[in-house]
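K.L.:
Here is what each chain is made of, one letter per residue.
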Amino acid sequence: MEFFLVQTLNGISYGLLLFMLSSGLTLVFSLMGVLNFAHASFYMLGAYFAYQISTKIGFWPALVVAPLLVGAIGMLIERWGLRQVHKHGHVAELLFTFGLAYLIEEAVHLVWGRSAVDYRVPPDLDGPLFSIFTSQYPIYRGFMMLVSVAMLVSIWLALTRTRIGLVIQAALTHPQTVEALGHNVPRVFMLVFGGGTALAGLAGVIGGNAFVTEPGMAASVGPIIFVIVVVGGMGSLAGAFIASLLIGCMQTFAVALDWNLVGGIKMSQVAPVLPYLLMVLLLIFRPTGLMGTREG
Amino acid sequence: MRYEPLNLGRWVIWGAMALVFLVAPLVFSGGFALTMLIQMGTMIIFALSYNMLLGQGGMLSFGHAVYSGLGAFLSVHALNLIGKGAFTFPVTLLPLIGGLAGLAFGVLFGYVTTRRAGTTFALISLGIGEMVFACVLMFPGFFGGEAGVSTNRVVGQPFLGITYGPAIQVCYLVAVWCFLSIVAMFALTQTPLGRMANAVRDNPERAEFVGYDTQKVRFIQLVLSSFFAGVAGALSCINFEIVSAENVSPIRSGGVLIATYIGGVPFFLGPILGAIIFIFFVVALSGFTKAWLLYLGLFFVTMVVYAPGGIASILLMQIPVLRARRFGELALPYALAAAAGLVALAGLIGIVEMVYRLSEQGASTVLNVFGLSFDARTTPPWIGFALVLAAGLVALRYASRLVGARWGAIQQDLLARRA
Amino acid sequence: MRGHFIRASAFGVAAALISFGAWAQTIKVAYIDPLSGPFANVGEQGLAEFRFAVERINASGILGKQKLEVVPFDNKVSPQESLNQLKRVIDQNIRYITQGNSSAVAGALIEAVNRHNERNPGKEILYLNYAAVDPAFTNEKCSFWHFRFDANADMKMESLTTYMATQKNIKKVYLLNQDYSFGQAVKKAAREMLARKRPDVQIVGDDLHPLGQVKDFAPYVAKIKQSGADSVITGNWGNDMSLLVKAGKDAGLDVAWYTYYAGGLGTPTAMGEAAAGKVKIIAEYHSNVANNKAAKWDADYRKQAPKGNPDFYFLRGKIMWEMFAKAIAEAKSAEPKAVALALEGMKYQGDLGEVEMRKSDHQLIQPLYVLTLVKAAAKGGPKEAKIDMENSGLAPITDARMEGYTSATPSSCQMKRP
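Residue numbers (the numbering used here), protein chains in the order written: chain A, 1131 to 1426; chain B, 357 to 775; chain C, 6 to 423.
Certain hints may be false.
[As the list claims (entries may be wrong)] In the DSSO-like style, the derived pairs of lysine-lysine whose C-alpha atoms are separated by at most 27 angstroms in a straight line are:
{"no.": "1", "chain 1": "B", "residue 1": "Lys646", "chain 2": "C", "residue 2": "Lys33"}
{"no.": "2", "chain 1": "A", "residue 1": "Lys1396", "chain 2": "C", "residue 2": "Lys177"}
{"no.": "3", "chain 1": "B", "residue 1": "Lys440", "chain 2": "C", "residue 2": "Lys146"}
[As the list claims (entries may be wrong)] Counterexamples of contact, computed for chain B against chain A with all Cβ distances above 10 angstroms:
{"no.": "4", "residue": "Gly365"}
{"no.": "5", "residue": "Gln546"}
{"no.": "6", "residue": "Arg753"}
To be clear, the hints were calculated from the coordinates, so they are not data collected in a lab. Ideal Cβ positions, reconstructed from N, Cα and C, are used throughout, including at glycine.
In isolation and in its complexed conformation, chain A is listed as follows (with noise of 0.2 angstroms):
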């Protein structure tokens, strides 16, 4: 019973600490059509800055300040890269973004060097938060899992309860008629790609003390989340939500069943390749995922 409940809960924490990091990502395709293949990589940014600054002043400082400072990063990319590129197409900009994440990568190990970086939980988040039978669950993984809730939810209300959402969720479908009405429709898109990076560098804040913060971290995450915004389907923050979950709970309780499958290899090896195996076959199938709007 404490196994059960343990791992559920591993699994949901799991699968919001995604939700996190691939919120991002859907925001930014679902309103520009540009599938950011650097969003790991503003993680990282995130988790490096927030590593700066918390052994200069502080934790809670790094929380607010890291995410804005990857947020303009991101709107400055958007303005003068992204936006030159737009009119070649979605492939040239999904490649600009493919090069870009490579750039990202080498200014991180030039400044920071290509070892870990001893970026440390707060010692007040650091501890027991409460045991369930003999196992102790972490105070800083509810820590994320409150942030990953409240994430959803503000998003959730920005768009649809406040004027700017609107406007973005109508220049989506319509960006001439939004222009003609006098909004700034390409300022409203780099509002949104700053966002989404904001957001991604929110994730890595909060990622990158509970998992080591180094220069493979976002090549370790990258695939993983592109796998949650295809299954949950292009375009949707919700289906996103449940893609998360699902994919969480699928591979903690992967590891966590020793069947014996074929050939001597047994469940919890195989893993890690389930997510692509769920995409491969959810592309197939009904390729706008479980949720989306678009096929893309």
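Use these hints to put chains B and C onto chain A, whose structure you have.
P.N.:
This is chains B and C only, laid out in the frame that chain A set:
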């Protein structure tokens, strides 16, 4: 009796290419130079096969290394079997085995992936690429784990004294296969299949109306493309005598994408140029500077933003101008732009090298760039290179405006003349 | 045609002169390891230590007028890239290579060196392996041209399990490893050796996880907890090691971690205090070892060490270079074949005891230590935890010294001698 004029241009171009393939290994005959040529030849085949999907079929794939890698794995096992005497087969024809293996996997994976197009196809290919990469590490019995499968290419009876021991023999093998593959893939673009692939790329709905099943066209195009990818894989196996999980990795898939794009997706010769430049960056440049990945990334991003048609597009754009014999007017602006670009590049290289040297632990901060040696800790070199870079960029801005103005004028004239 | 011949022969004469001159003055050893990419810090550590060792050896004059030189080549941890670099090494007429990071690369290099030496007699290359521990390289894949200076994975497990056999409080052991050749070798060896030495110990779990892909080890930790294990044996390194220990601490898991690679190259920093008192390592050296004849070398190295790699980590590297220099001096030649013949079977007085380069399989037999990471003395830990690892607040202390013979596993090597 039909009279067809001799297409001299075609003979000259193909003949020149054949000549280059023949002579290059003799000119660049050092061990390292030969291995670079071999890798360029292999990459050319790989990139051309990739462009069959992207440029001709409009299918962006993030997992093309799957076909070349799996082709390489089957080739390496075949080569090991030949070595053990299980069956006799000339090593010269091993790429055929690789090609057929690639083709088989193309049929297997292609059937499911080509049912969708566009971004969906791209993401499925990404998923399959990651899956195959993970599976390769999970089944060490066949795939050799992360150490891969090793082999020896010197097996069987030497044919006319060719054992493939020395690198130059392998180089000529690759040259022959490369040339034949280029001819074959070019011929394919001239067939109805090739043309329909273009049609499916540009306007699938209309292609359906004309009576062709777009899924079938894409499927066949992918299968043929994976054949050539397998050929490239087998040649890589012969060259390195080792095949490992790297051959199916997402990095390889990304690499061929970058190479093809740099060269130019819309043109047949684009991937050929791209492959040569890419191998130069990755293999040669990495020996000279630690910043090679940064340079490659910057180069790629610049290409995407300013020249999405690749290097080939820049070269081929000049042809109408050459034909109209007005290239002379562009010569000076081009030269100015090139000079400005070189100056900016020199400034950039200086700064990048200094940054990299400072970030290196334990290395002396004195470095030698363009024959000048200086200490990266002091300020003067920074100011110097920054000024050079700035000057170069400013000059480039003016020069490119000049080029733009002249180019516009010429284009207008050409248009007027045509009208 | 004639011009080509003249040019080639001139080049040949020049190359011969240069290489002859090089032989007389400098003996170059190519260092083929990652110097860019995610593992660059590991490659840079080795390079920094080797440069230091070579400087000291040259200064000692043991080679007379000849000097040793390390020439770095970046292989980005890729077997195929390593083969490219090997071609450059051959082009530059360098006859010795050293490498250690990744058994995959090592495997490719051994095969390539064997092939090259077979196809080019008189131009042989010798391969000094300082860290690639796949047992196969001194067993079924052994080669006359390969020398290994690190105890291989099986040898380390042999020593470790001999130590564990004396610890009566170990009752239930969990095996958790990376799913590739090294991790699988560790798992297999652990099972077999524990069964032999402590058949009463229960192996309550055995997991393999994909290499470098798991971000969240919480599910594995929960499994370990549920199994009731008191010890975990793992060959994990890098992030896989640090994330595992961190997840263990988060969940309040109270086990002893028996590891190969938790001690250095970024891992102590990443584990942080989570590791104190719990993480044990089997290694040939640590800075707080008793009767440390290498203490001054260690301190001198640290004084000039680059910022990112402050520790002295590879004692086996020091031993490797010293034995290599001694072999050259004894053979009175810098030809790889002569040096190899002098090196195999060599007994050498190392800083922590006598070591021997076994002739049958070219494996170095050396004493090993089981050590625990504890809080550094400066942070309130025990007195002997003086020197801490990479300023992480953790310092090593010895649990036990395992003499060379406890790890000298038999070899199946059938070496083909030239």
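K.L.:
Now tell me if each hint is right for this structure.
P.N.:
Hint check:
The straight-line distance between the Cα atoms of Lys646 of chain B and Lys33 of chain C is roughly 21 angstroms, inside the 27 angstroms bound, and the hint therefore holds. For the suggested pair Lys1396 of chain A and Lys177 of chain C, the alpha carbons sit about 21 angstroms apart, so the restraint of at most 27 angstroms is met. Under the criterion of a C-alpha separation no larger than 27 angstroms, the hint pairing Lys440 of chain B with Lys146 of chain C is consistent with the structure, at around 17 angstroms. Distance check on Gly365 of chain B: its Cβ is at least 30 angstroms (rounded) from any Cβ of chain A, clearing the 10 angstroms threshold; non-interface status holds.
Once the 10 angstroms rule is applied to beta carbons, Gln546 of chain B is consistent with being away from chain A; the minimum gap is 25 angstroms. With a cut of 10 angstroms on Cβ distances, Arg753 of chain B stays outside the contact zone with chain A, its closest approach being about 15 angstroms.
Of the numbered hints listed earlier, not one is contradicted by the structure.
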